[in-house]
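A.B. asks: Here the structure of chain B is known, so what remains is to put chain L in place on it, guided by the hints.
Top to bottom, those sequences are chains B and L.
Just so you know, this note's numbering puts 384 at position 384 of the first sequence, and the rest follows in order with no gaps.
Quick note, this note's numbering runs 1000 ahead of the 1-based positions in the second sequence.
Treat the hints with caution; some may be incorrect.
[As the list claims (entries may be wrong)] Only some residues are given here: those of chain L computed to face chain B with a beta carbon under 10 Å:
1) His1090
2) Gly1316
3) Asp1327
4) Glu1357
5) Asn1358
[What the hints assert, rightly or not] Covered stretches of chain L (chain B as the covering partner; in silico rule of three or more C-beta atoms under 8 Å from a C-beta of chain B):
6) 1290–1303
7) 1334–1347
[As the list claims (entries may be wrong)] Below, simulated PhoX-like cross-link-like pairs (lysine-lysine); rule was C-alpha separation at most 25 Å, straight line:
8) Lys37(B) / Lys377(B)
9) Lys108(B) / Lys1324(L)
10) Lys101(B) / Lys1324(L)
11) Lys1068(L) / Lys68(B)
12) Lys324(B) / Lys1101(L)
13) Lys1324(L) / Lys324(B)
14) Lys101(B) / Lys37(B)
I should point out that these hints are in silico values taken from the structure, not numbers from a laboratory.
The beta carbon of each residue, even a glycine, is placed where N, CA and C say it ideally should be.
Protein chains: 2
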Amino acid sequence: MSIKLFHYNFIRPYGKITFVLRKPRITDMFLIESRDKESKARTGILKTAHGDIPTPIFMPVGTGGTVKGILQRDLSDDIDAKIILGNTYHLYLRPGTEILKAAGGLHKFMSWDRPILTDSGGYQVFSLTGNRKLTDEGAIFKSHIDGSRHVFTPENTIDIQRVIGADIIMAFDECAPWPCEYNYVRKSVALTHQWLDRAVKRFRETDPVWGKEQFLFPIVQGGTFDDLRRESAEKIAAAGLEGNAIGGLSVGEPADEMYRIIEVVNAILPDNKPRYLMGVGTPANLLEAIDRGIDMFDCVMPTRNGRNGMLFTGEGTINIRNRKWIDDFSPVDAAGTSIVSQVYSKAYLRHLVMSGENLGAQIASIHNLSFYLRLVKEARIKIEEGNFRKWKDSMVKKLSERL
Amino acid sequence: MSIKLFHYNFIRPYGKITFVLRKPRITDMFLIESRDKESKARTGILKTAHGDIPTPIFMPVGTGGTVKGILQRDLSDDIDAKIILGNTYHLYLRPGTEILKAAGGLHKFMSWDRPILTDSGGYQVFSLTGNRKLTDEGAIFKSHIDGSRHVFTPENTIDIQRVIGADIIMAFDECAPWPCEYNYVRKSVALTHQWLDRAVKRFRETDPVWGKEQFLFPIVQGGTFDDLRRESAEKIAAAGLEGNAIGGLSVGEPADEMYRIIEVVNAILPDNKPRYLMGVGTPANLLEAIDRGIDMFDCVMPTRNGRNGMLFTGEGTINIRNRKWIDDFSPVDAAGTSIVSQVYSKAYLRHLVMSGENLGAQIASIHNLSFYLRLVKEARIKIEEGNFRKWKDSMVKKLSERL
Chain B
1 MSIKLFHYNF
11 IRPYGKITFV
21 LRKPRITDMF
31 LIESRDKESK
41 ARTGILKTAH
51 GDIPTPIFMP
61 VGTGGTVKGI
71 LQRDLSDDID
81 AKIILGNTYH
91 LYLRPGTEIL
101 KAAGGLHKFM
111 SWDRPILTDS
121 GGYQVFSLTG
131 NRKLTDEGAI
141 FKSHIDGSRH
151 VFTPENTIDI
161 QRVIGADIIM
171 AFDECAPWPC
181 EYNYVRKSVA
191 LTHQWLDRAV
201 KRFRETDPVW
211 GKEQFLFPIV
221 QGGTFDDLRR
231 ESAEKIAAAG
241 LEGNAIGGLS
251 VGEPADEMYR
261 IIEVVNAILP
271 DNKPRYLMGV
281 GTPANLLEAI
291 DRGIDMFDCV
301 MPTRNGRNGM
311 LFTGEGTINI
321 RNRKWIDDFS
331 PVDAAGTSIV
341 SQVYSKAYLR
351 HLVMSGENLG
361 AQIASIHNLS
371 FYLRLVKEAR
381 IKIEEGNFRK
391 WKDSMVKKLS
401 ERL
Chain L
1001 MSIKLFHYNF
1011 IRPYGKITFV
1021 LRKPRITDMF
1031 LIESRDKESK
1041 ARTGILKTAH
1051 GDIPTPIFMP
1061 VGTGGTVKGI
1071 LQRDLSDDID
1081 AKIILGNTYH
1091 LYLRPGTEIL
1101 KAAGGLHKFM
1111 SWDRPILTDS
1121 GGYQVFSLTG
1131 NRKLTDEGAI
1141 FKSHIDGSRH
1151 VFTPENTIDI
1161 QRVIGADIIM
1171 AFDECAPWPC
1181 EYNYVRKSVA
1191 LTHQWLDRAV
1201 KRFRETDPVW
1211 GKEQFLFPIV
1221 QGGTFDDLRR
1231 ESAEKIAAAG
1241 LEGNAIGGLS
1251 VGEPADEMYR
1261 IIEVVNAILP
1271 DNKPRYLMGV
1281 GTPANLLEAI
1291 DRGIDMFDCV
1301 MPTRNGRNGM
1311 LFTGEGTINI
1321 RNRKWIDDFS
1331 PVDAAGTSIV
1341 SQVYSKAYLR
1351 HLVMSGENLG
1361 AQIASIHNLS
1371 FYLRLVKEAR
1381 IKIEEGNFRK
1391 WKDSMVKKLS
1401 ERL
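So here's chain B without its partners, still in its complex pose:
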């Protein structure tokens, strides 16, 4: 039986026998290992063609086929990233689908053999491109690189992600801004839902290009409106895909609004499937979301803020540009969170960042990503040990400090 299930997603439905083999193996992709009694937090394993991923997990963002400033070796061996993100929008524009196809997919192109998740490009089309035009068909947009015109549809973003070959791919959605009128969000959710049906259809009609199973995740939208979020969560849950995502949060709304929406949505999204909170957030955001049943995260914060000289530590955040660190020769993080945090001093890192030296961005990025990965790993341990809530409450307090 398990062998039949395993074959399900690999084989096209050319006949009756094949149809039988294509039964979903939903219960296989995500195994819940333990649950916290005081919260909705849980630990699990996400199974992908490129390896297993322990959850809760944070996924470093590798927008254009590179986690900015970090060698793949350091990403796997030192930071211990289990899965990274790629972006359909960026990869489609550069290097382009033809090159990725010739390379044998993104894994081979960028020499990364662990799992990859690709965002559909929805968020980027709406945040990076001017003069975009939205139709029922899809989104017409201009490249932020050279102004050239392109169209993304629910179908072609599946096709592109098939070529990219990510282990987890996302349905094309519209991410409404915040704040936003109810009526705009209502229409936007309806469009995202219509697009989802088309994305699922295309996904089911096509096979992985590289022979490795891919999972499609749909995205709950609805802004900060509870009823629209409920409607969207029900639609997304009904799609019956192997995992589900929540988009359109951490776009400017207060953290409490975000937490409320997570609760509203997670009460509807199936409990036995992984829940991915897109583009979130601060270390405290992660812990609060884990508490509410989220399993997966991505965010540019550890790398982008790191490049600007912001460091996350277990005692709070450090703005390394602050003059107070100019002659502080203590380690970047005395707790030794990463391979760099005890090697280099705050004064040295400050010197690099103030001088615009790339090494400063590299050290800060390695440190911050290591911190995020260690944080979710520790959350996992605490959930398993049964003392997550207490640990979370004390951590959230410390993480909010400014050193």
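C.D. replies: Showing chain L alone in chain B's frame:
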């Protein structure tokens, strides 16, 4: 006897006994191990307080306390740099002498425990700052960072380099531009010589700040004028310091002019002391200079050109921006020169460089520096084996190819 020699440079000449102990230990710093019979090439060991350096050697440039874009761990463990360069001009301006003093010197500040050589700042004062004013006393210049006014003298550049704590420090010199009038160069050389006497005096009057022996190298100037170069080489040789440098080359003059000047100067500089050719150059330049008796090199070329997408290989140079590499998925360097050169493809590196991704600069820098370090290591082996000249001739031909 050897113990007496060893103490020579450490102790101030306050009395007769101290004077006896201050005899030079010239023969100790540089040990020549083998000589090529067909050329002036030789191999040796430079002994410093932070470790031995096999020669010929190439020194990666770490201008402001960082070899741009490279973790110190990778610099030592992967690239196998034996010694790196720092720059007095940059370090004096940022982080500044006070911070370096509080840190315990540059080695501790930047977490690098292998040898360091610091340039005196002469070249930078003349190449980076506008409105500089030259007097017998020294050079008045404006910071390229904030326009603030500063003065460098032969004395204070020794003092600053004492605080920095580099193993090898350089005398303050004027580096004349090319092309340049004979009379300008003649006066410039006279000034550099007058400055040298003052630098040597200050050097002998002061002790290492961090208790680790430092060596002062003077710099031969004289543009492309043989008689001025001879005069300068004689002056520098007569200073009797532990090693000697040749400056003012590779500033625009044809390579053959440079090689001729090296021959003129090396015929005068003592054969038993290390010879450092400053700011040179291409891989072929290195081999031709080794052939003419040069032992030490530094140059920004492997890192700066790397950042611009130029890669050095044993088969010639690659401009990775060239469209021909867009779908070339073969390794950056099939010879596996560095830890990155077989991991990443030309197409991927091109994608990174074209996208302005820092990882592109990092990969190219690691590759190029590894190539330079391997080139001088191979030269060393060929000299020891007695077939340097033949190898050099075939290498220079290949290195000049454009792939």
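A.B. asks: Could you tell me which of the hints above the structure violates, numbers in ascending order?
C.D. replies: 2, 6, 13 and 14
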